[in-house]
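So the sequences go chain by chain: A and B.
Counting from 0, one number per residue, gives the positions in the first sequence under numbering that gives the first Met the number 0.
Counting from 0, one number per residue, gives the positions in the second sequence under numbering that gives the first Met the number 0.
In case anyone wonders, no lab produced these hints; they're calculated from the structure.
Be aware that a few hints might be false.
Computed beta-carbon distance windows for the label pairs [said to hold, decoys possible]:
1) A:Ser61 / B:Val17: 13 to 23 Å
2) B:Phe20 / A:Glu124: 18 to 28 Å
3) A:Ala50 / B:Trp3: 13 to 23 Å
As a list, the in silico BS3-like pairs of lysine-lysine whose alpha-carbon atoms are at most 30 Å apart [unchecked claim]:
4) A:Lys126 / B:Lys201
5) A:Lys49 / A:Lys8
6) A:Lys81 / A:Lys65
7) B:Lys201 / A:Lys81
8) B:Lys95 / A:Lys6
9) A:Lys65 / B:Lys95
10) A:Lys46 / A:Lys81
11) A:Lys46 / A:Lys59
12) B:Lys95 / B:Lys170
13) A:Lys49 / A:Lys59
14) A:Lys126 / A:Lys59
15) A:Lys59 / B:Lys201
16) A:Lys46 / A:Lys65
17) A:Lys65 / A:Lys49
18) A:Lys49 / B:Lys201
19) A:Lys81 / A:Lys59
Listing some non-contacts, in silico: residues in chain B with all C-beta distances to chain A over 12 Å [stated by the list, open to error]:
20) Glu26
21) Tyr47
22) Phe115
23) Gln126
24) Ile143
25) Ala212
The structure displayed is predicted, hence computed values, not measured ones.
In this text, a Cβ means the ideal position worked out from N, Cα and C, and glycines have one as well.
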Amino acid sequence: MKGLPLKPKFVAGIAVLALALAYMIYAGVTQSAVYFVTPSELHTAAKTGKAYRLGGMVEKGSVNWKPATLDLRFTLSDGQAKVPVRHHGTAPDLFGEGRGAVVEGTWMSEGYFQATLIMAKHSEEYKAPHDAASPGYQELMKSLRSDQK
Amino acid sequence: MTRWLGVVAMLGVLAGLVMAFLVAPREMTQGNVQRIMYVHVPAVWVAYLAFLVVLLGSVAYLWSRAPAADRTAHAAAEVGVVFLGVNIATGAIWGKPTWGTWWTWDARLTSVAVVFVIFIGYLLVRQMTDDPERGARFAAVVGIVGALNIPLVHFSVYWWRTLHQPPTFAKPGPAAASSAIGAALLVNFVGLLLLCAYFIAKRYDLLRAQQEATA
């Protein structure tokens with residue numbers, strides 16, 4: 000067996016995997032398989048009652064949060080189109096105005112998006128406070144005692 | 000020799016902990032939860048390198064049928080699976096408070112899960128036949144296919160819309176992080192890399208002793 004070339008079934012298996020990978024990349028690049036739709040895309044082909052994942056920026060000044068009833072309302076925008084979103088429950092820590100968010104839910108006939116899950120999308124930037132390279136130990140201890148703010 | 004590697008690795012990991020908790024600043028937007036990055040990111044880089052060793056060992060084994068090449072690939076695959084498991088677990092723990100979910104099927108998380116499953120398959124397929132030489136051959140093919148998926152994981156955040164953000168450090172141009180955060184990450188990477196090398200060396204020795212005992 001030493002030094003023999005691979006058996007045909009191995010070659011066939013590798014070919015199938017390579018084709019599957021090529022299809023995934025093709026589908027991704029042409030956006031025919033997407034993780035989330037944008038507000039513009041939702042507007043062009045919104046089906047009532049269909050489950051969507053919708054992604055966009057949370058419009059500045061649009062967040063309306065009622066802690067007593069856990070009702071959250073905000074607007075997602077992609078710069079061209081806007082979608083009003085309603086949710087019952089808390090949002091993750093990084094959710095906020097001017098930041099990205101991805102929500103799961105359905106488009107309602109009343110003209111708003113009813114979310115069942117809110118996910119915050121964060122940027123790849125990591126900054127020290129005021130971008131000073133100062134030791135973080137005191138800050139860590141302070142925050143563990145939770146006496147900040 | 001292996002023992003000294005273990006001692007150096009332990010010192011490296013300790014230095015990493017000091018950097019992560021005492022030197023690195025509390026991140027501006029995320030706060031202390033961002034410190035998970037000092038394990039999450041180096042763990043996946045180390046896993047990638049371990050799977051690169053699997054790729055090289057597997058190609059060498061299919062070429063030469065040298066048992067040493069298979070032992071190297073086998074040991075690296077086991078350790079790579081552990082580090083990738085650490086990466087996925089810390090990612091979930093980090094994702095819950097920041098993103099609001101433990102897991103989501105975006106392209107980055109899905110492609111990482113695919114690589115994880117392929118390398119678990121690599122370890123299983125070795126045992127599927129009574130002839131260890133045949134098992135090693137099957138595993139080598141699975142190992143090569145698994146390692147070829149790693150560029151897909153890396154570029155997934157560019158090729159698809161994802162919840163996961165694009166790379167902070169592993170990209171062209173300057174890093175999108177403060178220098179203290181970058182330094183802490185680098186020290187942790189070196190620490191985990193040494194630990195990974197120690198684990199692989201240890202597993203290699205054990206596999207050789209096992210094969211000598213059964214031969």
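Taking the hints in turn, this is what the structure says about them:
Judged by the Cβ atoms, the range 13 to 23 Å given for A:Ser61 and B:Val17 is violated: they are separated by roughly 43 Å. Distance hint check for B:Phe20 and A:Glu124: the Cβ-Cβ separation is about 21 Å, which falls inside the suggested range of 18 to 28 Å. In this structure, A:Ala50 and B:Trp3 break the distance hint of 13 to 23 Å, their C-beta atoms being roughly 57 Å apart. As the CA atoms of A:Lys126 and B:Lys201 are separated by approximately 38 Å, the hinted pair breaks the 30 Å bound.
For the suggested pair A:Lys49 and A:Lys8, the alpha carbons sit about 42 Å apart, so the restraint of at most 30 Å is broken. For the hint linking A:Lys81 to A:Lys65, the alpha-carbon distance of about 22 Å falls within 30 Å, and the restraint holds. Of the pairs offered as hints, the one joining B:Lys201 and A:Lys81 is violated, with about 57 Å between alpha carbons and a cut-off of 30 Å exceeded. Only pairs whose Cα atoms come within 30 Å are accepted, and B:Lys95 paired with A:Lys6 is rejected, the gap being roughly 46 Å.
Restraint check for A:Lys65 and B:Lys95: the C-alpha separation of about 22 Å stays at or below 30 Å, so the hint holds. Annotation: proposed proximity of A:Lys46 to A:Lys81 holds, straight-line Cα distance about 16 Å (limit 30 Å). Pair hint A:Lys46 plus A:Lys59 holds up; C-alpha atoms about 27 Å apart against a cutoff of 30 Å. Simply put, B:Lys95 and B:Lys170 have alpha-carbon atoms about 26 Å apart, close enough for the 30 Å limit, and the pair holds.
A C-alpha spacing of about 28 Å is found between A:Lys49 and A:Lys59, which places the hinted pair at or below 30 Å, so the restraint holds. The suggested pairing of A:Lys126 with A:Lys59 holds, with an alpha-carbon distance near 22 Å, which does not exceed 30 Å. The suggested pairing of A:Lys59 with B:Lys201 is violated, with an alpha-carbon distance near 55 Å, which exceeds 30 Å. A C-alpha spacing of about 29 Å is found between A:Lys46 and A:Lys65, which places the hinted pair at or below 30 Å, so the restraint holds.
For the suggested pair A:Lys65 and A:Lys49, the alpha carbons sit about 27 Å apart, so the restraint of at most 30 Å is met. Proximity of A:Lys49 to B:Lys201 is assessed by CA-CA distance (about 54 Å); at most 30 Å being required, the pair is judged violated. Between A:Lys81 and A:Lys59 the CA atoms are separated by roughly 12 Å; this keeps the pair inside 30 Å, and the hint holds. A cut-off of 12 Å between C-beta atoms contradicts the statement that B:Glu26 is not in contact with chain A; the least separation is 5 Å.
Look at B:Tyr47: its CB is around 17 Å from the nearest CB on chain A, clear of 12 Å, so calling it non-interface holds up. With a minimum CB-CB distance of about 16 Å to chain A, B:Phe115 clears the 12 Å threshold, and the non-interface call stands. The claim that B:Gln126 is not at the interface with chain A holds, since no C-beta of that chain comes within 12 Å of its own (minimum 19 Å). Not every Cβ of chain A is farther than 12 Å from the Cβ of B:Ile143; the closest lies at roughly 8 Å, contradicting the non-interface assignment.
B:Ala212, annotated as away from the interface, keeps every beta carbon of chain A farther than 12 Å; the closest lies near 24 Å.
The structure fails to meet hints 1, 3, 4, 5, 7, 8, 15, 18, 20, 24 from the earlier list, while all remaining hints are met.
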